[in-house]
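Novice: Numbered according to the numbering used here, the sequence shown spans residues 1 to 364.
Honestly, the hints are just simulated from the structure, not real lab data.
Misleading hints may appear alongside valid ones.
[Unchecked claim] Keeping only pairs whose Cα atoms sit at most 25 Å apart, straight-line, the calculated DSS-like set for lysine-lysine is:
hint, residue 1, residue 2
1, Lys221, Lys174
2, Lys112, Lys305
3, Lys187, Lys213
[Claimed, not checked] Distance windows between CB atoms, simulated:
hint, residue 1, residue 2, range
4, Leu108, Asp345, 27 to 35 Å
5, Arg150, Asp345, 30 to 38 Å
6, Thr85, Glu21, 29 to 37 Å
7, Ser301, Lys99, 24 to 32 Å
Just so you know, even glycine gets a beta-carbon here, dropped at the ideal spot from N, CA and C.
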Amino acid sequence: MNWKFWQKSAKPKQKKGKVREWTEAIVFAVVAATLIRTFAIEAYTIPTPSMEKSLMVGDFLFVSKLSYGPRLPMTPLSFPFAHNTLPVLGTKSYLEWLKWDYRRLPGLGEIKNNDVVVFNYPMEDFRPVDKQDNYIKRCVGIAGDTLEIRDRVVFINGKAIEQPPRAQYKYHVKTDGSGFNPKSLEKMDVTEGGPISVEGDFLFNLTTENVEKMRVFTNVKGIEPYSAPKGYYTEDVFPYTAFYPWNLDNYGPIILPKRDMTMPLDSNNINIYRRAIQVYEGNTLEERDGKIFINGQEATSYTFKMNYYWMMGDNRHNSLDSRYWGFVPEDHIVGKAVFVWMSLDYNASLFSKVRWSRVFRVIR
1 MNWKFWQKSA KPKQKKGKVR EWTEAIVFAV VAATLIRTFA IEAYTIPTPS
51 MEKSLMVGDF LFVSKLSYGP RLPMTPLSFP FAHNTLPVLG TKSYLEWLKW
101 DYRRLPGLGE IKNNDVVVFN YPMEDFRPVD KQDNYIKRCV GIAGDTLEIR
151 DRVVFINGKA IEQPPRAQYK YHVKTDGSGF NPKSLEKMDV TEGGPISVEG
201 DFLFNLTTEN VEKMRVFTNV KGIEPYSAPK GYYTEDVFPY TAFYPWNLDN
251 YGPIILPKRD MTMPLDSNNI NIYRRAIQVY EGNTLEERDG KIFINGQEAT
301 SYTFKMNYYW MMGDNRHNSL DSRYWGFVPE DHIVGKAVFV WMSLDYNASL
351 FSKVRWSRVF RVIR
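Based on the sequences and whatever the hints tell you, model everything.
Specialist: Have a look at this one:
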């Protein structure tokens with residue numbers, strides 16, 4: 001008698017089809033990559049010269065989400081690997097059916113003065129915060145700081161901060177009437193500027209090192225900083241009022257709001273803090289008969305809910321930054337730029353495109 005009649009016969013395992021294997025592999029790769037991009041590290045490309053010569057157009061770098069803590073998605077229904085626009089189609093890469101409030105997981109540290117930070121451009125009110133364009137700048141001021149710029153020099157809490165070694169400013173270069181050899185400018189990597197008169201006057205964006213190199217050119221008679229004087233009002237500079245006659249080279253002082261900081265308000269400084277109170281922190285704000293009303297109540301002060309930061313490009317005279325649009329709220333912070341893993345010169349020949357000296361360079 002066969003006593004094993006009760007045992008079920010083992011069915012041979014069906015082999016997965018090729019389509020299923022590939023589907024599972026792709027799904028796993030997409031999920032894994034999305035988690036890494038959201039919570040650990042993300043690749044970023046430098047699109048504009050606002051950070052030159054510290055960071056160059058064509059630099060490919062990694063941004064650490066862990067440094068300040070990963071920000072949880074605020075618009076979770078989005079197409080993988082597309083930030084705000086679908087390639088080719090040019091349409092939105094996200095749906096706004098579901099929105100989550102701002103939350104951030106604990107990080108390895110806090111934002112420090114002079115960190116190079118990636119953040120969402122705060123003036124794109126037509127997009128959700130986490131789908132606004134990514135910008136990269138140097139954080140010169142952190143929450144609670146008092147910031148001032150005196151003749152190009154940035155002061156934090158009354159003390160001049162160290163200038164980035166590769167920072168650029170605009171200079172007036174006077175020559176004997178002759179021009180410059182393009183090869184010499186290319187060797188110095190001078191890429192911005194040119195003649196402004198037929199009498200030998202030039203404007204160039206230069207690093208301190210290149211200023212000294214250019215001084216010894218035989219045709220150069222003098223080099224002077226090209227700066228706006230103190231008290232010269234520039235209309236497109238934040239906060240866009242002649243009461244604060246500020247410009248790119250002489251700015252402030254201005255206090256950067258900090259979470260739980262209570263700021264006295266009046267008819268003048270409301271121009272500085274209006275956007276933070278109304279747009280970033282979601283309050284209603286009105287001014288009537290010389291008085292300020294927040295959420296319908298008369299207010300002589302306001303206590304901030306978030307930290308705010310001041311971002312500036314190292315290419316100080318060719319950078320759209322906080323001098324033009326003010327504070328960057330903490331919910332806009334993406335991460336810290338850590339190192340360049342590849343750098344391409346798009347204008348160079350095929351065999352010279354890679355800037356080998358910049359590959360695997362730590363960002364400082």
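Novice: Evaluate each hint against the coordinates.
Specialist: Tested hints:
1. Lys221 x Lys174: holds, 5 Å
2. Lys112 x Lys305: holds, 20 Å
3. Lys187 x Lys213: holds, 11 Å
4. Leu108 x Asp345: 27 to 35 Å: Holds - the Cβ-Cβ distance for Leu108 and Asp345, about 33 Å, lies within 27 to 35 Å.
5. Arg150 x Asp345: 30 to 38 Å: holds, 36 Å
6. Thr85 x Glu21: 29 to 37 Å: holds, 32 Å
7. Ser301 x Lys99: 24 to 32 Å: holds, 30 Å
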